[in-house]
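Novice: Protein sequence lines correspond, in order, to chains H and W.
Note that this note's numbering gives residue 249 to position 246 of the first sequence, counting from 1, and the numbers run on in steps of one.
Note that this note's numbering gives residue 1546 to position 238 of the second sequence, counting from 1, and the numbers run on in steps of one.
Careful: at least some of the hints might be erroneous.
Said to hold, decoys possible - Counterexamples of contact, computed for chain W against chain H with all Cβ distances above 12 Å:
(1) Asp-1512
(2) Pro-1514
(3) Arg-1566
(4) Glu-1572
Unchecked claim - Computed cross-link-like contacts, DSS-like style, restricted to lysine-lysine with a CA-CA straight-line distance of at most 30 Å:
(5) H/Lys-393 <-> H/Lys-439
(6) H/Lys-439 <-> W/Lys-1444
(7) W/Lys-1337 <-> H/Lys-369
(8) W/Lys-1363 <-> H/Lys-224
(9) W/Lys-1542 <-> H/Lys-427
(10) W/Lys-1573 <-> W/Lys-1509
(11) W/Lys-1444 <-> H/Lys-369
(12) H/Lys-190 <-> W/Lys-1472
(13) W/Lys-1573 <-> W/Lys-1510
(14) W/Lys-1509 <-> H/Lys-224
(15) W/Lys-1444 <-> W/Lys-1509
(16) H/Lys-224 <-> W/Lys-1379
(17) H/Lys-427 <-> W/Lys-1555
(18) H/Lys-190 <-> W/Lys-1444
(19) W/Lys-1363 <-> W/Lys-1335
(20) H/Lys-369 <-> W/Lys-1472
(21) W/Lys-1509 <-> H/Lys-190
(22) W/Lys-1444 <-> H/Lys-297
(23) W/Lys-1573 <-> H/Lys-369
(24) W/Lys-1573 <-> H/Lys-190
(25) W/Lys-1379 <-> W/Lys-1563
(26) H/Lys-442 <-> W/Lys-1337
(27) H/Lys-190 <-> W/Lys-1315
(28) H/Lys-369 <-> H/Lys-439
(29) H/Lys-91 <-> H/Lys-57
(30) H/Lys-443 <-> W/Lys-1335
(31) H/Lys-369 <-> W/Lys-1555
(32) W/Lys-1542 <-> H/Lys-190
(33) W/Lys-1563 <-> H/Lys-297
(34) W/Lys-1335 <-> H/Lys-224
(35) W/Lys-1379 <-> H/Lys-442
(36) W/Lys-1337 <-> H/Lys-297
(37) H/Lys-190 <-> H/Lys-442
(38) W/Lys-1444 <-> W/Lys-1472
(39) H/Lys-224 <-> H/Lys-297
(40) H/Lys-443 <-> W/Lys-1509
Treat the hints as calculated values from the structure; they're not laboratory data.
All C-beta atoms in this analysis are idealised placements derived from N, C-alpha and C, irrespective of residue type, glycine included.
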Amino acid sequence: MEEKKLTPKERLKIPSQVMPEQDPRERIHNVDEVPYGYDEELARTEAMRCLQCKKAPCVKGCPVEIDIPGFIQSILDGNYRASINTIKLTNILPAVCGRVCPQEEQCQMTCVVGKSLKDVAKAVQIGKLERFAADWEMAQGETEMPEVKSPTEKRVAIVGSGPAGLTVAADVRREGHEVTIFEALHKPGGVLIYGIPEFRLPKQIVMREVENLEKMGVELKTNMVIGKVYTIDELFEEGFDAVFVGTGAGLPLFMHIPGENLNGVYSANEYLTRANLMQAYSFPETDTPIARTKNVAVFGGGNVAMDSARTALRLGAENVYLVYRRSRAEMPARVEEVEHAVEEGVQLHLLQNPVRIIGDENGWVKAIECIKMELGEPDDSGRRRPVPIKNSEFMIDVDTCIVAIGNASNPLVPNTTPDIATNKWGNIVTDSETLKTSKKGVFAGGDIVLGAATVILAMGQGRKAAVAINEYLASGVW
Amino acid sequence: MSEILEKEFITDSVFRMRVEAPEIARKRKAGQFIILRTCDEGERIPLTIADASVKEGWIELVVQVVGKTTKSLSELDAGESICDLVGPLGRPTHIELYGSVVVVGGGIGIAPSHPIAQALRAAGNRVISILGGRTKDLVIMEEKMRATSDEILITTDDGSYGMKGLVTDALQALIDKGEKIDLVVAIGPPIMMKFVSLLTKKYDIPTLVSLNTIMVDGTGMCGACRVTVGDETKFVCVDGPEFDGHKVDFDEMMKRLRMYELHEKESMDRYASS
Ligand SMILES: Cc1cc2nc3c(=O)[nH]c(=O)nc-3n(C[C@H](O)[C@H](O)[C@H](O)COP(=O)(O)OP(=O)(O)OC[C@H]3O[C@@H](n4cnc5c(N)ncnc54)[C@H](O)[C@@H]3O)c2cc1C
Ligand SMILES: Cc1cc2nc3c(=O)[nH]c(=O)nc-3n(C[C@H](O)[C@H](O)[C@H](O)COP(=O)(O)OP(=O)(O)OC[C@H]3O[C@@H](n4cnc5c(N)ncnc54)[C@H](O)[C@@H]3O)c2cc1C
Ligand code: SF4
Ligand code: SF4
Ligand code: FES
């Protein structure tokens, strides 16, 4: 096909290209990544579907406003280097975002192709193309490093090495400032490392991005809990001129139902941290244990719940029940995640809610009691509120429960820095444009500001904060 | 990487280790702990900071060999390094002038009691220490505890040293003697802390215990360390490690400590045979 001559009509006829994936029956026995990625031919065919819209509504749908038609055109031209460079102008973690962005609610939601075909699933597969460009670059070995301006003698401390912190580090370092990232855990990456499983986001990708930052001259200090080993004020005393707080939403919420402290009840954070960060899936080759049980109940309907359920399967569970109090349409998880989970054998228990966890004489979980729900009037979020159906309680035998109903903000930094204002949910309050907090010299962004949100939103805030930090350091005006 | 400066066995199964950690030494207060990881496949384990020197930039750990990680740690020598060391974690002990304080340390719990006794004494309290162990060998750090106490009592289960009996017997004897006690701090095996708390509750003596739940991150992120205190769930790593002993659900905590019993045995057996 001679692509340049295609009419929009012809382009709309090209079916959306499916990414090859590991067979569900195979993949539940390993932790390897599920989709293999596009090859060049698939990528260029998919790229052909893009109409190269003048006003490109997809760009507005992307929180960091990647020049989407631009990078897609470069793929079509076979100029992959140009493509990745276009993406990297605004997004330093394309290999991550291409994999984990909720595209159907962002760039792909507004895509003209999807709209014309009246199905968002048929939109141009922007995320998959982004992943293709990023993976191509990685396969080339060396990545092109952004230029770092000459030293300014100014120092910036970044607290937390999640996507928000990493983004700020890159953008501030480029201006020639000295950058030190302080990370509480022994590995950098935040949720990308400890939360999102290997089969969805290979850890090597994250480590590579971090190494690239180090090559740019960013200093990384792991095992540093800010608020404990140094307070924010002490960072200023140590000679930092500005501080960015990107500590995330790492405070697991529980349901406050009876039995939640029984053995075998995990927060999703603990379950996923053991499996991912601590590599408990390789126990006993690695030292950190995790319950390897047969019947697992996961409570929740977001990405975190899907990741937990799919991890449980890979740890050998025979039955994984995903208990969610609304219906499938209301699930906050990415559509692809729900599809993958169901394909792999996760059993959806929709419109049900656990009311009690029952233990055996040794303090281990043996069953849960659930109640059936129905959808009532819409609540503040516009979603129909689930209400329990009287006398519909029933039991399910399980030996592990994973609570994945959400996370609140990590309180360590706000608690030890009272002059940083927070709201009633414990999120740090910032100016929405500059990400300045109430404390001079301190900026914040990502989940600690937004509440549990997304990778790309955290990065979007990181970019804005970096602009403001660079301005502040140049002008000295708060 | 943190370099080990000194290591010495003080009993067959307990060793003392000095580790280079100037930043932690500078900040730590009595009652706080660190989390360490010995190597890349290693588990993160919490250990109390038993002592520290700001000037020389080290912290001291006193560790009992109970499983794979403590065993492999015990095999490292001065000059070698620990992969990861993070701290100081947890809230420091609330130190004030209470009057007369009894510090009860059981077994390896004597190590974490030491900095607390030191700080309480420095704040002007009269400190009576009760050290207990199953047998003479397990009563560690006697000299150090003596140096920070106004009075010291020692108990062993088998009577091989000090008074024969449990720490609760010694505490009961103090109470019976009419000793005025304004606060009890009890650190040791959960079962010991449970019985000390039950005893002091009878006499309405405020009691602090330091809990040693299973932990992963130590920053409040995972909830592995949760315990029931009163009618609330608390995270030991950030809300503790010290709590009002009269309110802690020790039975639940002891069950939770056994959650990975089989895994721990498997891990240890594998290590021992390699
Ligand atoms: C299991 C799971 C699956 C998810 N799936 C998706 C997905 O598919 N798509 C998507 O877009 N989003 C997803 N999210 C959400 C997304 O990961 C987060 O919105 C994003 O990581 C937030 O980035 P952040 O930089 O604000 O914080 P985080 O990624 O949370 O990073 C914060 C970092 O700060 C460190 N830290 C905390 N306190 C301190 C301190 N006091 N001192 C030093 N360091 C500290 C933490 O250890 C952590 O490394 C998922 C989240 C989870 C938990
Ligand atoms: C705040 C705190 C302070 C502590 N201070 C000291 C100290 O100063 N000296 C000392 O010898 N011990 C201390 N401990 C206990 C120490 O952490 C455990 O003995 C150690 O983790 C055992 O690891 P292992 O691999 O050798 O044994 P394993 O075989 O893994 O376990 C043996 C037992 O140790 C406990 N344990 C296992 N894993 C963990 C974990 N990740 N976190 C906590 N406990 C675990 C369990 O009860 C288990 O049954 C402390 C614990 C806490 C929570
Ligand atoms: S970063 Fe996310 S939202 Fe933006 S184009 Fe890429 S996949 Fe879409
Ligand atoms: S809206 Fe869709 S078709 Fe139009 S430029 Fe964006 S990706 Fe291409
Ligand atoms: S150890 Fe994870 S929350 Fe306390």
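Novice: Give a verdict on every hint.
Specialist: Against the structure, the hints:
1. Asp-1512: 28 Å, holds
2. Pro-1514: 25 Å, holds
3. Arg-1566: 8 Å, violated
4. Glu-1572: 7 Å, violated
5. H/Lys-393 <-> H/Lys-439: Violated: H/Lys-393 and H/Lys-439 sit about 49 Å apart, past 30 Å.
6. H/Lys-439 <-> W/Lys-1444: It is violated: about 60 Å lies between the C-alpha atoms, which goes past 30 Å.
7. W/Lys-1337 <-> H/Lys-369: Violated - the C-alpha atoms of H/Lys-369 and W/Lys-1337 are around 42 Å apart, more than 30 Å.
8. W/Lys-1363 <-> H/Lys-224: 23 Å, holds
9. W/Lys-1542 <-> H/Lys-427: Holds, at roughly 20 Å.
10. W/Lys-1573 <-> W/Lys-1509: 36 Å, violated
11. W/Lys-1444 <-> H/Lys-369: Roughly 43 Å separates the two Cα atoms, so the pair is violated.
12. H/Lys-190 <-> W/Lys-1472: 49 Å, violated
13. W/Lys-1573 <-> W/Lys-1510: Answer violated: W/Lys-1573 to W/Lys-1510 is near 38 Å, above 30 Å.
14. W/Lys-1509 <-> H/Lys-224: Judged against 30 Å, a Cα distance of about 46 Å means the pair is violated.
15. W/Lys-1444 <-> W/Lys-1509: Judged against 30 Å, a Cα distance of about 29 Å means the pair holds.
16. H/Lys-224 <-> W/Lys-1379: OK: H/Lys-224 and W/Lys-1379 at ~28 Å, within 30 Å.
17. H/Lys-427 <-> W/Lys-1555: Measuring from Cα to Cα gives roughly 28 Å; hence the hint holds.
18. H/Lys-190 <-> W/Lys-1444: Roughly 42 Å between the alpha carbons, so the hint for H/Lys-190 and W/Lys-1444 is violated.
19. W/Lys-1363 <-> W/Lys-1335: 12 Å, holds
20. H/Lys-369 <-> W/Lys-1472: Outside the cut-off at roughly 42 Å; violated.
21. W/Lys-1509 <-> H/Lys-190: 44 Å, violated
22. W/Lys-1444 <-> H/Lys-297: Violated, at roughly 46 Å.
23. W/Lys-1573 <-> H/Lys-369: Holds, at about 23 Å.
24. W/Lys-1573 <-> H/Lys-190: 27 Å, holds
25. W/Lys-1379 <-> W/Lys-1563: Satisfied, since the Cα-Cα distance of roughly 23 Å is no more than 30 Å.
26. H/Lys-442 <-> W/Lys-1337: 27 Å, holds
27. H/Lys-190 <-> W/Lys-1315: The hint holds at about 27 Å.
28. H/Lys-369 <-> H/Lys-439: 49 Å, violated
29. H/Lys-91 <-> H/Lys-57: Holds. H/Lys-91 to H/Lys-57 sits at ~21 Å (cutoff 30 Å).
30. H/Lys-443 <-> W/Lys-1335: 24 Å, holds
31. H/Lys-369 <-> W/Lys-1555: Holds, at about 27 Å.
32. W/Lys-1542 <-> H/Lys-190: 26 Å, holds
33. W/Lys-1563 <-> H/Lys-297: Distance ~21 Å between W/Lys-1563 and H/Lys-297 Cα, so the pair holds.
34. W/Lys-1335 <-> H/Lys-224: Measuring from Cα to Cα gives roughly 17 Å; hence the hint holds.
35. W/Lys-1379 <-> H/Lys-442: 46 Å, violated
36. W/Lys-1337 <-> H/Lys-297: The given pair, whose Cα atoms are some 44 Å apart, is violated under the 30 Å limit.
37. H/Lys-190 <-> H/Lys-442: Roughly 28 Å between the alpha carbons, so the hint for H/Lys-190 and H/Lys-442 holds.
38. W/Lys-1444 <-> W/Lys-1472: Holds, at about 10 Å.
39. H/Lys-224 <-> H/Lys-297: 39 Å, violated
40. H/Lys-443 <-> W/Lys-1509: 48 Å, violated
The structure fails hints 3, 4, 5, 6, 7, 10, 11, 12, 13, 14, 18, 20, 21, 22, 28, 35, 36, 39, 40 (numbered hints given earlier, in ascending order).
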